[in-house]
Each structure stands twice: as C-alpha cells, then as structure tokens.
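Q: This is what each chain is made of:
2 protein chains.
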Amino acid sequence: MKISIERAALLKAVSQAQSVVERRNTIPILANVLIEAEGDAVSFRATDLDIEVVDKTLAQVERAGATTVSAVMLHEIVRKLPDGALVSLTDDGASGRLAVEAGRSNFSLATLPKEDFPVMATSEYASNFSARAADLRRLFDKSKFAISTEETRYYLNGVYMHVADSDGGKVLRCVATDGHRLARIDSGLPDGAGDMPGVIVPRKTVGELRKLLDDDDMQIAVSVSETKIRFATPEITLTSKVIDGTFPDYTRVIPTGNTRKLEVDAADFAQAVDRVATVSSERSRAVKLSLDEDRLILSVNAPDSGAAEEELAVAYNDERLEIGFNAKYLLEIASQVDRENAVFMFNSSGDPTLMREGNDTSAIYVVMPMRV
Amino acid sequence: MKISIERAALLKAVSQAQSVVERRNTIPILANVLIEAEGDAVSFRATDLDIEVVDKTLAQVERAGATTVSAVMLHEIVRKLPDGALVSLTDDGASGRLAVEAGRSNFSLATLPKEDFPVMATSEYASNFSARAADLRRLFDKSKFAISTEETRYYLNGVYMHVADSDGGKVLRCVATDGHRLARIDSGLPDGAGDMPGVIVPRKTVGELRKLLDDDDMQIAVSVSETKIRFATPEITLTSKVIDGTFPDYTRVIPTGNTRKLEVDAADFAQAVDRVATVSSERSRAVKLSLDEDRLILSVNAPDSGAAEEELAVAYNDERLEIGFNAKYLLEIASQVDRENAVFMFNSSGDPTLMREGNDTSAIYVVMPMRV
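Protein chains in written order, with the working numbering: chain A, 1 to 372; chain B, 373 to 744.
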C-alpha cells in the first residue's frame, strides 16, 4: 500500500475512527485502525466489536493494499503535523511497519495483519430510510440525558427509537429513561421508516452518531434491523449492535390527567434552581417548589450547611401545591427547553410531573417527585 | 454584622479566599472564610495554616462585625448570582446563621465562631521591598515547572528566591530543580531587597501568588523573614510560611565549560520533539538528538510501537554529537523560550546541558541527559 493524502482529510477520517477504539482493551488488534486503499479512495475502519465506524476519503493511491496500525498513535501523529502537510502512508508488506512521512518527519509504526481485523458481518436491514441530520440530532440530543447508567438495567442503557402513534399520525420517536425521569421526543416519520423495528441504541453509539450530525441539512441514510442500526453519510458509515432487550412500556409512566399548570421562564427557572441547590449536600439534592397564585418559591433546607429560598413570578392559578424534586433532574430537564417558556403539569406532590416546551407536545419530559 | 456589596467585588474577594482553602480537611473551620466588616471595608480571610490570604474591599458597612462561613459555598452562591446584583450579608449573632440576600434570592448559611478562626501570627520581617508584578511573574513563571513533586525531598518542593551575584552585580534570583532539570531566573534587585534572607517559596504559594500578578505595572510589596514571606497589593495580602530546609548548592550543577553550541528555532524544535515523542511509550520517553554540521536529527526508537525521526536545519559547527533527553523535560524547557531562538550548550553525551534564550543569561536552564 502507498497513498498520499492531505493532512486535514486524514485527520478528520482518523479522528472518528480513534474515538470508537476503547482505550483499555485486552485484544491488541482492537486498538488498531484498518486502513484499506483502493481506486482513488482510502478507508479507515475501527471497532470495539459492538460499534464499527468506516470513514472513506479521497486519496492519491499509488499502490493499493491494506494494513492496521494503532489508531490513537496515528491520530496523535497526524494531529501534531503542521497544517497543510501532505502525508504519505507506505506499507511494504515485508517489514511489518507502516511508514508515515510528511516533510522532514518520518515515522515507522508497528502493524498487525489486516486478516486479523474483526470486520463486522454485513446484515440484512428490514428498513432503510433517509433522515435530516437536524431531525436526528434533536431526537437524540434531547433524550440522551435520561439514559440510565445502571448496568443491571441494561435495557435502559440507550435510547429507544421506534415508530409511534401520535395525535397527528405516525412519528419517529426516541425515548430514554432511568426510572427517575423520562424524555419522549417525536419527529416527522421519514418516508420508508414505517415498518422500522423498534431498537434500543446504546449510549456510546448515540455519542458517536452525534459527530455525523453537525450539518443541519445533510441527509443521513438510516438502516435498521432487529439487531443492528446503521447511520451513513457519503463519507462515514457507523454500524452498531442494538441492545438485546425489551424497552419497558413507557406509556404507563406518562401522566395524562395532570391539570395544574405552571408556566415559567425556562432560563430564570434553571438559574434559580441552580442557586438554591448550592446549599444542599451532594447526596440529598432536594429542591422544594411551593406554588401559589402566580408565585413560585423554590427552597432548599440543609440543616448542616444552611437554607436557601428564591421567589419567581410565574403563571399559575390553581390550588396551593408543595412538591419536591432532585435538583439535578430539574436542572437537566429545564436546560432542554429551547423556547422561552417551560410548562409544568402537576397532579399531586406524590405523582409524576410532566414538562413540555410551551404548547409543543413533540418533546415531553416526565420527572418523579421526591419527598421534602 | 450587616454589609452591602456589589456582586463583582464580592466575587473577586471570595474567589481568592476559596482557592486557598483545602478541599479535604479534617478541621471544619479551615473550610470557612473569616468575614470582618469595619469602617467602610470588609475583609475576607482564608487559610490552610501554611498560607493565609486576606482580600480587603470597599463595602457599605451598616453594622460592623465578623463571622465565618463555608468559603466554597459562599463562592458558589455569589458566582451564580446575576451580574450587577447588590448583595447583602447579615449576621445577627444569635441565630448562628449568615443571611445572604440579593434580589429575590435568600440564603442562610451555617456559621462557626470567629474566635475559632486561626489567624496567622504577625511576624517581624527582615526585609521589605517593592517589586513590579511583571518582574515577579517572570521570576516564578519561568522557574516553577522545575519544582520537584517528590515529597521526601521537601526542600525542592518550592522556588528558592534569594539575592545572588551576577556578572552585572547583585540580582534577585529564583531557582527550582527536581534533580533532573533546573531553572535559574534573574531579575534586577529591587531597592531594599539586598539583605533579604534566601527562602524556599512553596509550590502552592507560587500558584496563589500568580493571581496577584496579572497587572504588569502593579507594585507588589514583598516582605521576607527567615520563616515567612508576604506579598501584598492594595487589596490582597498573601502570607505564607516558607519551606524549613536548606536549598542545595545549585551552582555546582550549572555547567560552565560547555562549548558546543546549538542554535535552533524554539517553536520548531518544540513541535518536532512533541511529534517524534508520540511513538514512545509513556515510561521511557527518550528522544535522541544527533548533531552534525548545521543539522539536527531528532529520533525516537520504541521497539514495541515504532520509530520516528525528524530533521531540523540549525546552527551548529562542532564535532558530531549524539545525546538523549527525556522528551517531557525538553518540551517544558523549550516552551519557556519567549524569543525566537533557543541556544543549547553541550559538553558530552553524559554531561548536563545548558539552555538559554538567545544570548540572554538572565534565564538559564539545565537538563540532565539520559542514555539512549
């Protein structure tokens, strides 16, 4: 193999690959990136056995071929090369080394045989459709904070992406929950996605996917089967196993009969919650909301360290209500709000509370109260 | 006590105090800041028993008095208050709480008795002088990287500040070393500093001092005794114990007979060292310098992972020389260079090497070679 490639293009391709590689792993070749050159393109492939990413980019291929080298080391080297450098990668097959050359810099990196690299098996996908990057970004960005980190509840360690019925017809929906809070985000159903099986997309995949979604209008090709999901741009293909489990019936958790409505400026609310939470100890970060006619008092009482209270002007005209929440959960939910107003729908101090952005029901959040 | 103070002034004063407070300590009152209000000013005092910082600022004092509250919590609260807020601090003496109020935010913080706060004993200082902030900053910024972190060699855990003889007469000098590398930085001797005892300024004090030195032309009042050093601006007084030990005779370590001179662009050199070091494993980060007529080759050979080589055009006209250094030490020293050129003076591959910035001898560095 012998190729020449501009440093910026190489860096972009290797960056995505090295981020999939697990820093600590016992199988040496999983630390490597598989470089394959053919025609006028070179591809960089990395995997952790659950996720595989392939980044294909144009290059001047003088001699086709393939080899594997340390993904992190190659990334570090390319990152440190001067901007605008032309980089050549040469593998003579015999030395067991890959030569990386740019200007007066010469590197010779240990390789492992390309035959040992675990390429993910290709699958039949039940559903193939195309989605706007901005839509996918909204679906995952607004739901991922609620993903559970409890390994025993592995079926909650991802975002449940599926087709659901909504008031306006079928939607593409992402749901995540850890049992304390839940996010349910809807987007218009793309053509051809109607028969997509519901899948749980793992947390790490959600993170890697995010890097493909920066360009609002980019069309992302999505393919889904019962066991795998694939997202592809013209350059990058991200394939991931999905979590082998059943996502619980979340619809039972979403309150439908909550009638006490609070409307509050989302930014003011988040800042006030953040401030009053300062006095509480790390463990029991409970914030009490005391609601009365157009008035909200946020308060925290931490006997050891102190107390805090803050009043906000709000829109509320129902009975007096006192209800407590974990400060972290309230903050995270309030920070999802893109518009001015957050709308909370309460029932009683012991019931789950619903939050949405203004009157928009395409993104709703549920948070469990805690006793205060 | 009852005072009113603008949020920005309060934040600045409390910031400096809370950074001195140790996050983990077993004596509760050491987590607190002592607030003392009298006349038209309020002072914030914090200590870790080795360093004491007092930040005095103007405030509207309605009722004089003093109390102590958690430095970190007060800092967090003030930081989160909106810009421009007027903050009032009220201590009624009876409740054991300090009320912090701003707009519609009310906090009530647990206090500890001001009598229990360990105020550092005042000292007689043998020497008092005034130094420009920019000069002090240069002395400490350029030497602190060489401070040892080995706790057993406690006498190297700081910067040795003393009066020394130089070619041009007496100078104020800072020296730090960890046995592998050494920095020696000189500055003009301020009036009245001639009889200053040499003192070892602890690492943490060097870090805290740095925050007083942002304004180039600020005059810093320095007071030194055998056991303490004090730096003061009109607002902030930083007092620190000095390390009770004898700094070794560093002059023996500084080579005087090195004649082989290498002149190299400091930035190019640092970048090249950084690049070739990429292939080496963390433990033995050795970089080999091979010098020949106006040519420097930097190389690293790490059998497990690979090899790297880079050539630089330099000014050198002496015998061929091969010498190895720890990459981290080379990088740190090269990054001290403010001018274009770094000048290395070598003897043999087994001897300490001297580095300076161009022809300026007011900042010199020594680095021990390693076998490659």
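Everything labelled a hint here was simulated from the structure, so no lab data went into it. Beta carbons: idealized from backbone N, C-alpha and C, even for Gly. Treat the hints loosely; a few may be bogus.
Computed far set for chain B versus chain A, every beta-carbon distance over 10 Å [what the hints assert, rightly or not]:
| hint | residue |
| --- | --- |
| 1 | A381 |
| 2 | T398 |
| 3 | K452 |
| 4 | R476 |
| 5 | N478 |
| 6 | A482 |
| 7 | R647 |
| 8 | E683 |
Pairs of lysine to any residue, SDA-like flavour, derived with a Cα cap of 25 Å [what the hints assert, rightly or not]:
| hint | chain 1 | residue 1 | chain 2 | residue 2 |
| --- | --- | --- | --- | --- |
| 9 | B | K384 | A | I297 |
| 10 | B | K600 | B | T628 |
| 11 | B | K452 | A | I297 |
| 12 | A | K12 | B | S652 |
Q: Now tell me, hint by hint, if it's right for this structure.
A: Hint-by-hint comparison with the structure:
With a cut of 10 Å on Cβ distances, A381 (chain B) stays outside the contact zone with chain A, its closest approach being about 19 Å. A cut-off of 10 Å between C-beta atoms confirms that T398 (chain B) is not in contact with chain A; the least separation is 16 Å. At roughly 5 Å from the closest C-beta of chain A, the C-beta of K452 (chain B) falls inside 10 Å, breaking its exclusion from the interface. The beta carbon of R476 (chain B) is not kept farther than 10 Å from every beta carbon of chain A, the shortest such distance being approximately 4 Å.
Its beta-carbon lying about 5 Å from the closest one in chain A, N478 (chain B) breaks the requirement of being farther than 10 Å from that chain. At roughly 5 Å from the closest C-beta of chain A, the C-beta of A482 (chain B) falls inside 10 Å, breaking its exclusion from the interface. With a cut of 10 Å on Cβ distances, R647 (chain B) falls inside the contact zone with chain A, its closest approach being about 5 Å. Its closest Cβ contact with chain A, about 4 Å, brings E683 (chain B) to no more than 10 Å, contrary to its assignment away from the interface.
Distance hint between K384 (chain B) and I297 (chain A) is unfulfilled; the C-alpha atoms sit about 29 Å from each other, more than 25 Å. Annotation: proposed proximity of K600 (chain B) to T628 (chain B) is violated, straight-line Cα distance about 33 Å (limit 25 Å). In summary, the hint linking K452 (chain B) to I297 (chain A) is supported, as the alpha carbons are separated by about 18 Å, within the 25 Å threshold. At roughly 23 Å between alpha-carbon atoms, K12 (chain A) and S652 (chain B) fall within 25 Å of each other, so this suggested pair holds.
Checked against the numbered hints above, the structure breaks hints 3, 4, 5, 6, 7, 8, 9 and 10 and satisfies the rest.
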